[in-house]
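Peer 1: Start counting the sequence shown at 16; every next residue gets the next number (the numbering used here).
FYI, nobody ran anything at the bench for these hints, they're computed from the structure. Computed from a predicted model, the values in this text were never measured in an experiment. Accuracy of the hints is not assured; some may be wrong.
[Said to hold, decoys possible] Straight-line distance between alpha carbons at most 25 angstroms, and here's what the computed SDA-like set of lysine to any residue pairs gives:
hint, residue 1, residue 2
1, K54, E147
2, K137, L155
3, K54, A115
4, K137, G182
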Amino acid sequence: MAELTYYCGTMDSGKSTLALQTAHNHQSRGRSGVIFTNKDRGGPGMITSRLGLRSEAVEVSDGLDLHKFVVEMLSRGERVDFIISDETQFFDPMQIEQLAQIVDGLGIDVYAFGILTDFRTKMFPGSARLVELADRVLPLQVEALCWCGQRATHNARVSYGQMITEGEQVVVGDTKDPDAIGYEVLCRRHHMRRVTSRSARAARPEPLPFQGI
16 MAELTYYCGT MDSGKSTLAL QTAHNHQSRG RSGVIFTNKD RGGPGMITSR LGLRSEAVEV
76 SDGLDLHKFV VEMLSRGERV DFIISDETQF FDPMQIEQLA QIVDGLGIDV YAFGILTDFR
136 TKMFPGSARL VELADRVLPL QVEALCWCGQ RATHNARVSY GQMITEGEQV VVGDTKDPDA
196 IGYEVLCRRH HMRRVTSRSA RAARPEPLPF QGI
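Can you make the complete structure from the sequences, with help from the hints?
Peer 2: This is the structure:
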């Protein structure tokens, strides 16, 4: 029986790496599949990981009918043995239902990867629908860490080292430029207190060389 499986975690938990590894494992056994993505930081039509892995993918735009897309591929005689979807939290709830239709109606396994909650700790609509429909919801095994060393459970949107708590739910960013809008993973305690790694360093200046002697 085909299944819809949702692998979820915070940022830095290796979801895109696992998505690419899963695709590689199937392809190395001669299986053919489709990779979907949406708003990857590498740009449209790409799936990228922070480890430097990347692959071309089908960009899931608003209104794209995923079930129809796969049916048309099959009608052209193309093989579709599996489907990978990354950044699935950005999919429309209707598109999540279409992934379930692919599993149930076409008998194709769908492996979805994404983030459960946004920077305000609210679930993305796509993730919420996946939790409701998926045959299995599996937390990613790689645990991201907060700056304090504890397990990171929340995604924080930051600018100039300060947490942002208002704004649009979806803003694509990264952590390479500390002065731009980006993201940082935090434990619940520091997310609720709005303490980022940069603000923590500012509150605790480095000790002078003679201190502690």
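Peer 1: If you draw a straight line from the CA of K54 to the CA of E147, is it 25 angstroms or shorter?
Peer 2: Answer holds: K54 to E147 is near 23 angstroms, not above 25 angstroms.
Peer 1: Within a Cα-Cα threshold of 25 angstroms, do K137 and G182 meet the stated pairing?
Peer 2: Within the cut-off at roughly 13 angstroms; holds.
Peer 1: Take the C-alpha atoms of K137 and L155, compute the straight-line distance between them, and say whether it is at most 25 angstroms.
Peer 2: Between K137 and L155 the Cα gap is close to 19 angstroms, so the pair holds against 25 angstroms.
Peer 1: Is the Cα-Cα distance between K54 and A115 25 angstroms or less?
Peer 2: Roughly 21 angstroms separates the two Cα atoms, so the pair holds.
Taken one by one, the earlier hints all hold for this structure without exception.
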